[in-house]
Structures are given as C-alpha cells and as structure tokens.
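Put chains B, C, D, E and F on the given structure of chain A with help from the hints.
Number of protein chains: 6
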Amino acid sequence: MIIEQYFEDYEIGAKRKTFGRTITEADIVVHAGHSGDFFPHHMDAEWCTDQEFGQRVAHGTMIFTIGVGLTATVINPVAFSLGYDRLRFVKPVFIGDTIHTEVEIIKAFPDEKRENFGRVIEGTTVVNQEGATVLYCEHIYLVQMKAADSS
Amino acid sequence: MIIEQYFEDYEIGAKRKTFGRTITEADIVVHAGHSGDFFPHHMDAEWCTDQEFGQRVAHGTMIFTIGVGLTATVINPVAFSLGYDRLRFVKPVFIGDTIHTEVEIIKAFPDEKRENFGRVIEGTTVVNQEGATVLYCEHIYLVQMKAADSS
Amino acid sequence: MIIEQYFEDYEIGAKRKTFGRTITEADIVVHAGHSGDFFPHHMDAEWCTDQEFGQRVAHGTMIFTIGVGLTATVINPVAFSLGYDRLRFVKPVFIGDTIHTEVEIIKAFPDEKRENFGRVIEGTTVVNQEGATVLYCEHIYLVQMKAADSS
Amino acid sequence: MIIEQYFEDYEIGAKRKTFGRTITEADIVVHAGHSGDFFPHHMDAEWCTDQEFGQRVAHGTMIFTIGVGLTATVINPVAFSLGYDRLRFVKPVFIGDTIHTEVEIIKAFPDEKRENFGRVIEGTTVVNQEGATVLYCEHIYLVQMKAADSS
Amino acid sequence: MIIEQYFEDYEIGAKRKTFGRTITEADIVVHAGHSGDFFPHHMDAEWCTDQEFGQRVAHGTMIFTIGVGLTATVINPVAFSLGYDRLRFVKPVFIGDTIHTEVEIIKAFPDEKRENFGRVIEGTTVVNQEGATVLYCEHIYLVQMKAADSS
Amino acid sequence: MIIEQYFEDYEIGAKRKTFGRTITEADIVVHAGHSGDFFPHHMDAEWCTDQEFGQRVAHGTMIFTIGVGLTATVINPVAFSLGYDRLRFVKPVFIGDTIHTEVEIIKAFPDEKRENFGRVIEGTTVVNQEGATVLYCEHIYLVQMKAADSS
Numbered sequence: 020m021i022i023e024q025y026f027e028d029y030e031i032g033a034k035r036k037t038f039g040r041t042i043t044e045a046d047i048v049v050h051a052g053h054s055g056d057f058f059p060h061h062m063d064a065e066w067c068t069d070q071e072f073g074q075r076v077a078h079g080t081m082i083f084t085i086g087v088g089l090t091a092t093v094i095n096p097v098a099f100s101l102g103y104d105r106l107r108f109v110k111p112v113f114i115g116d117t118i119h120t121e122v123e124i125i126k127a128f129p130d131e132k133r134e135n136f137g138r139v140i141e142g143t144t145v146v147n148q149e150g151a152t153v154l155y156c157e158h159i160y161l162v163q164m165k166a167a168d169s170s
Numbered sequence: 020m021i022i023e024q025y026f027e028d029y030e031i032g033a034k035r036k037t038f039g040r041t042i043t044e045a046d047i048v049v050h051a052g053h054s055g056d057f058f059p060h061h062m063d064a065e066w067c068t069d070q071e072f073g074q075r076v077a078h079g080t081m082i083f084t085i086g087v088g089l090t091a092t093v094i095n096p097v098a099f100s101l102g103y104d105r106l107r108f109v110k111p112v113f114i115g116d117t118i119h120t121e122v123e124i125i126k127a128f129p130d131e132k133r134e135n136f137g138r139v140i141e142g143t144t145v146v147n148q149e150g151a152t153v154l155y156c157e158h159i160y161l162v163q164m165k166a167a168d169s170s
Numbered sequence: 020m021i022i023e024q025y026f027e028d029y030e031i032g033a034k035r036k037t038f039g040r041t042i043t044e045a046d047i048v049v050h051a052g053h054s055g056d057f058f059p060h061h062m063d064a065e066w067c068t069d070q071e072f073g074q075r076v077a078h079g080t081m082i083f084t085i086g087v088g089l090t091a092t093v094i095n096p097v098a099f100s101l102g103y104d105r106l107r108f109v110k111p112v113f114i115g116d117t118i119h120t121e122v123e124i125i126k127a128f129p130d131e132k133r134e135n136f137g138r139v140i141e142g143t144t145v146v147n148q149e150g151a152t153v154l155y156c157e158h159i160y161l162v163q164m165k166a167a168d169s170s
Numbered sequence: 020m021i022i023e024q025y026f027e028d029y030e031i032g033a034k035r036k037t038f039g040r041t042i043t044e045a046d047i048v049v050h051a052g053h054s055g056d057f058f059p060h061h062m063d064a065e066w067c068t069d070q071e072f073g074q075r076v077a078h079g080t081m082i083f084t085i086g087v088g089l090t091a092t093v094i095n096p097v098a099f100s101l102g103y104d105r106l107r108f109v110k111p112v113f114i115g116d117t118i119h120t121e122v123e124i125i126k127a128f129p130d131e132k133r134e135n136f137g138r139v140i141e142g143t144t145v146v147n148q149e150g151a152t153v154l155y156c157e158h159i160y161l162v163q164m165k166a167a168d169s170s
Numbered sequence: 020m021i022i023e024q025y026f027e028d029y030e031i032g033a034k035r036k037t038f039g040r041t042i043t044e045a046d047i048v049v050h051a052g053h054s055g056d057f058f059p060h061h062m063d064a065e066w067c068t069d070q071e072f073g074q075r076v077a078h079g080t081m082i083f084t085i086g087v088g089l090t091a092t093v094i095n096p097v098a099f100s101l102g103y104d105r106l107r108f109v110k111p112v113f114i115g116d117t118i119h120t121e122v123e124i125i126k127a128f129p130d131e132k133r134e135n136f137g138r139v140i141e142g143t144t145v146v147n148q149e150g151a152t153v154l155y156c157e158h159i160y161l162v163q164m165k166a167a168d169s170s
Numbered sequence: 020m021i022i023e024q025y026f027e028d029y030e031i032g033a034k035r036k037t038f039g040r041t042i043t044e045a046d047i048v049v050h051a052g053h054s055g056d057f058f059p060h061h062m063d064a065e066w067c068t069d070q071e072f073g074q075r076v077a078h079g080t081m082i083f084t085i086g087v088g089l090t091a092t093v094i095n096p097v098a099f100s101l102g103y104d105r106l107r108f109v110k111p112v113f114i115g116d117t118i119h120t121e122v123e124i125i126k127a128f129p130d131e132k133r134e135n136f137g138r139v140i141e142g143t144t145v146v147n148q149e150g151a152t153v154l155y156c157e158h159i160y161l162v163q164m165k166a167a168d169s170s
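So the sequences go chain by chain: A, B, C, D, E and F.
Sequential numbering from 20 applies to the first sequence in our numbering.
Sequential numbering from 20 applies to the second sequence in our numbering.
Sequential numbering from 20 applies to the third sequence in our numbering.
Sequential numbering from 20 applies to the fourth sequence in our numbering.
Sequential numbering from 20 applies to the fifth sequence in our numbering.
Sequential numbering from 20 applies to the sixth sequence in our numbering.
For reference, chain A alone in the conformation it holds in the complex (with noise of 0.2 Å):
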C-alpha cells in the first residue's frame, strides 16, 4: 500500500502496532546463514548451558531486522530512511519468544540542511509475548514538507 504522508501530516503520539512473529530455530538458522555470524550464543546449544541465559540467544542485528520489518507495510513515497540512533538491546530473545513492534511519532522538527523537509522520529519498541521490551530505537525519517511541492 502506498500512502501519501508529508512532513505537515505526522503527529506526534500518533502509534501503531504491528502483527507478531514467533521466532524460530530456523529463523537463527537463517541469520547466522545471512550474516556470517557463527558465534557459540547464538548456534551451540551445549556451551550456552553455563552461560548467563542457559540457551541459545538470537542476533541482536536479527530482532533489529524482524522488529523494524515488521513495520514495513505501507509506502510513503515522500519520506526517507536516514537511519536509527539509541539502537538498544534491553532483553534478550529466546527460541520460541513472540515479538512484535509497536511504533509511535515522537518528534518532528524542519531539517537543518535541507529546505523543505523536515526529520520525523519513530520511537520502534520491539516486545515479547510477556509485554517486556526486547529492543528499542528510533528510526529517523527524512519527509518533504507540503510547501516544497507547492513552491
């Protein structure tokens, strides 16, 4: 779905909350595949038995991924991804755990370099199945603003 969403058009506290997503054995398979990450938290089951957690843990950069994915449902063709910042990984995920994300706008103010767009901050909470918050940050949008198209 594409909508059509200026800089003028976001409030801020607006939320939205996405399906959730059962992670999976498979799904660590897949990332430690995907990234080249092999490391013994994520893929030995018999070292992590004496670790803090006692099992296997996933990637943080796989929750990022799902949890941000999760939010991929609609297009806006006037906005554009610069990048994250507070990126943290509150509490780990085990096989078996239920995540989803929850998004709200927090902020949004004009750009300082660019005429005629603003920056719209996404405050991106991944959570579990308990309610606990696995991940968080803020996703930092590039939007044009009303005025540049009727300039």
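It should be emphasised that the hints constitute simulated quantities derived from the structure, not laboratory data.
Among the hints, erroneous ones may be present.
Treat identical chains as interchangeable: a pair holds within one or across any two.
Claimed, not checked - Computed list of lysine-lysine pairs in BS3-like fashion (alpha-carbon distance at most 30 Å, straight line): (1) K36 x K126; (2) K36 x K165; (3) K126 x K110; (4) K132 x K110; (5) K165 x K110.
Okay, now just chains B, C, D, E and F, sitting in the frame of chain A:
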C-alpha cells in the same frame, strides 16, 4: 577465536579491517524473506527503473547485518554488546557491490551505572569497492575492568 | 492489517492490484530446494538451450505461490480460503521477469451446505512486465454473512 | 529419470504413491520468506493460541508446492502441465505432521483444440500420517498422441 | 523409488548418469551460509579479480554435496554408505557452470569384518558443461549379500 | 584472518579445536534443499520410527560440510586444498546434537610431482556432545615451501 580483552586493554585509535563480501541478488532475496520487507525498492526491477537510483537497492537492515556480521570473528568473553548509536545509511548499495567493514576504537570511559565496567565505542564504517562509506554506526560495548576480577 | 469484510460487503467487479516482484535465479534455487523439484527445465541452463524456450523456466508452483503471496496483505477474520479452481499456467516466466497480481471479485453466492455463509470467488491474474497473463486461477473464499452474527 | 509416455500409454486407475516428508517449523519459515505471506496464522504461535486450531498452520500454497513436488520424480518429455482444477485445502497441516502424495490417473480424453494431443487428469491427494486427506487437486496434462509422431 | 539390490546384483562397469544442474551465485550464497565458510575465494568478487581464476569459485564441499546429491534418486534398503575415498577437487567450478555426475561400479569385494556383507565402490565423477572432470571420489557402500537373508 | 604458513612451518602433532554448532531440524531442511537429497532417512519422521535409529538422521554430506566449515577461520595464501582421503561416517548425527571439529597435522612430505611444494595432511575429526567421533577424514593440502620463494 576467544581473546579476553578488558576495558583497560582497549586503545583509542586501534583499527581493524574485515574481509570483503559481494552483495548479490540472492542476498536481497534472502533478506526480504527473512525480514518480511518486500518493498519494490528492493524487489521490483521494473518499478526501480524510473526511481532515483534506477535499480534495486539493498535493504538498510541487510547492510547493517552483513556489515556488522563481517566483524564477528573474535569473541571477547568480558564484553557485552549494548547496542548502536548514530546508525546512518550514507549511500545505497547495489547488486554486485562489494563491501567490507572498518572498525576503530573511538571512545572508552567508565560506565556511569555499573561499577567496574566501562563503555567502549567502536566506530564501524561499511565501505564499498570504490572506497565510499555506505553505512556508519557506533557499536557500544560494556566491558569489564581488570579491577573487577582482582577485587 | 485486519479488515472485517462480511459476505454482504463484497462487490462484484471490485479490483485491486499488488506490488510487483522480479523473479530471480535465487527464487528458482529456493523453490527447487523447498519443493524438491530439480527438473532440468528449472535447473539446467545447458539442457534448456535446445528446449522450446531456450532458457530456464520458473516452476509453476512458484509463480502460483508468489502470485498469491503478493495478495496477502489484509486479513479478513470472517473469511476462509477453501481452495482454487481453474488454475492455469498461461505463459512461462523467465529469470528477470517482473510479475504482479490483479484480483477481481467475480462471483458471490450463498454456500449450499453452510447456512449463514457465502462463497466469494476472486479472479486472480498474475501478469508480467509486458502486461501478459502468465497464470490465472480463481480463489474460493467461504465468507460469513452479517446475518450470522446478528442471529 | 526420463520415461516417454504417450497419451495412449496412460491407463485409467493407475496409481503411484510418493515418499513422505515431515513438515517442519523451518518449512514454514522458508515458505513465508518465499511467498511473502507472514500472516499470524502461520507465524505467530501466541496469536494462534485462541484461534480455531490452537497452533500455527502450514500455508496452503506450501502444502500444494510440497505435495506436488513429491510427485516430481519422472520426466515425460511428451507431456506438459497445463494447470490444476478443484484444488481444495481439506484439512490443516501442523508442524510435525508427515505428508505424502497419492496420484491416480482419473480421466483421459482427446484435447478439443489441439489435434494429436489428449488431456490426462491426475487426481492428486496429499495425505497426512493419520491417513487423512489434507489437500486434493486435479493435475491437467496435455499429452502427445502416438499418432502425432507417426504421421 | 526403492530398489533392493544385493551385493551379488552389482556388476562391475555398470554406469549411470544424472541430470545436470547449473551452479548459481545463489548456490554459493546458500552454501556459505550453511557451511559458515565465507572465505573471499567464494564471496568477494573484487578480491578474486587478481587471484589465479579471476572470479569467485564454488566451495569444494558444495560441488561434493551437489554432485553426490544428484545421484540420490534410488534407495537401496540393503546398502549403507560408509564414506568416501580419494575425494579430489580436480578443477574449479564457476558461477554459471553446469555440472552432472557419472557413476560407475568399479570394485566389489567381501567385507573383511562383517560376514555376509560386501563392499561396493562407486567411482563418482562430477563433470562440467565442457566434459571436464571437476571432482572425483569413490563412494564406499556396505551391501548385504543374498546369503545373509537365506541363511 | 590471513596467516602465511609455509610447508616448513607445519609441525606434526599441532592441534586446534573449533567452536561447536548444534545441528537443527532447519539445517536438515536447508541441506535437503541444497543437495536435492530428500531421502526419508532425513525427511520423514514417521518412516524413521521403525528404522534402525528410530529418528531422522543428518545427511553425511552435511556433517562433512559443516564439520569442515567450522575449521574455515584462517586463510593461508600459500596452501591449496586438493581434496580428502578416508572420509568415514562413523556415527549418525541426530537433530539437537552439537558437533565441533578437532584438527591435527598428521603428515607432511614433499610433493612428488611439484618441486618446491609439499603435502600436509590434516586429520579432521568431527565430535559430538558426548565426545564420540561422528565423522573422520584427512584433508590434503598442497603447501608452498619457503625455498620456492627464495629461489
């Protein structure tokens, strides 16, 4: 390989450089299937024809995942990844581009909340075959101090 | 996204069109590995050289899977997929072709066996980058009537 | 294996039965990633808890793909797959179920439009470990007549 | 297909030839992710430019896996794979090459340790599109003798 | 990591041990899809019930691929893999087993055909979580002599 490296062992300005990896169409297919992000920017060569870059672009979460994955060669059992700051998608990565990652210790300071732990910040730069930065981020590690063990 | 749509809400002739997706060599590799069908029509570029199409052809089950998958964007909790009629492989799909799917409600009638349920038939046409139909099928949904809830 | 089988060689009632295959959580992860269908019916174990089946269900397109894939062991160079009729999802398939496919030639008649060709209909039944049918469809082949070659 | 073939049934010099399979860039991506071997010889097209072959080379373990996999079409319930001798990587395989496998029974002799069992040696040659051998190995089977059943 | 190690630098008896990796159901699904070997020994949990091991067994080619892959951590630019001798599947590997690889230099001798090159034989033992050998093979390297460079 496991190398124990305490907070005191990190040296500001220390650098390392990873192997390279060519980003393939198959990686984009894998990442779309893993993340659930099938946006036409990544998946629809026809649609891309009259977009800004004229071709399919790698997912930002993939360049982050692979760029960071390339650095995962040594385990430091007294360091823990807390997250990332200032993650920026600087330039698009296209099918056939070859990326590698350059890492530099840029900051190290005692952790405010946890006694006997410090934070080490690794500037992480993903670079393409032309030497241009495509992604930058700052990896935040919590690292045990030697003091912690001897006390 | 979840949108409740009862039998009475469907309108004959209503249409929607999905995003596109370029069919890659990687998709053929994935589909062979998933289906177990490694026939040379899909896997052996040399053998294909003197066959009818002169090149590898995508599996029919893959074009069906991806073509239908492209339409999976909205969940209707009062509708259930019963199956498909008249599935036809109209034209071959080659590596590099870009397909999208066009869906049209073509029939809606009360279900013979289940009171308070109707059948809705979605004509599903998978189309390539030249506008040619490559696959056609009729998706059969069993949909609750409003009457069912108010009774 | 390649076995030439002309229209006249098909015998109504001829049957064959494939090997079995256990449907795994990994297959669901692969199929979601391949089809782009990440609906919670397949991906979210928590959400499924209070749905009709109480657990994740395999995608219909996957059972079709694998069920048909299991039959792909012999190439008949004088037969062409036109498509399928009456594809029905009869029962859900769960993680850990084992399916196999039973095929029976149920109809064979001259093709109306193409001289020297006939249609052969293969009743295709996918069966689970309890002997219950989970999917049924009728595979339609266009098969050359011997007459065609000798003329 | 299941075909019972006892030790006495094997004939020295008997040959079979498999279907072919084109080795794709996607296969290299899959194999790197499966094996964990991301060496630049396979993954870094730039680095390969000034190496001996000037391009990425398929993993030896992949050509072995696929070459042997191509032969897995018939199950012999009275034979067991013990391993392989003389596995040699004769020539590199590049992206786009098409390989098939040729198998010949080269030796058969009674097993020294297990009465009523013999060893059958299958010379296994993986061949590319130019007819050149790329991999050779000798597959060692332990096969039941007829005597074993009748005794 | 790249470490130049000439023929003269190898020491008989030198050993190294890799990280471990838990073999998952997902790995079997990936390997079947990659190799094309869908034999019921690996894929059909029901069929396995009354076979010798009572459960699905990992493919031999997978344990070889992963076992050898675990050793791929250091590139020696003056060594080339020629192949393997005495590859034996000593014990079955089941879903959930954790394997690691132990490597020992067991032989080193001048190459008969290539002046200034020697052969180094690495005894490669794949071991499960109970310390039992599951696979053994001898990796044959062709390694440059120091003499070669100084001449």
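Each hint tested on the structure:
In this assembly of identical chains, the alpha carbons of K36 and K126 lie at most 30 Å apart only when taken from the same copy (18 Å versus 34 Å across copies). In the homo-oligomer, the alpha carbons of K36 and K165 lie at most 30 Å apart both inside one protomer (27 Å) and across protomers (28 Å), since each shortest distance falls under that limit. Taking identical chains as interchangeable, the C-alpha atoms of K126 and K110 lie at most 30 Å apart whether they share a chain (25 Å) or sit on different chains (24 Å). In this homomeric assembly, K132 and K110 come within 30 Å of each other (Cα to Cα) only across copies, at 17 Å, whereas the closest approach inside a single copy is 36 Å.
With identical chains, the CA atoms of K165 and K110 are at most 30 Å apart between copies only, with a shortest distance of 26 Å across copies and 40 Å within one.
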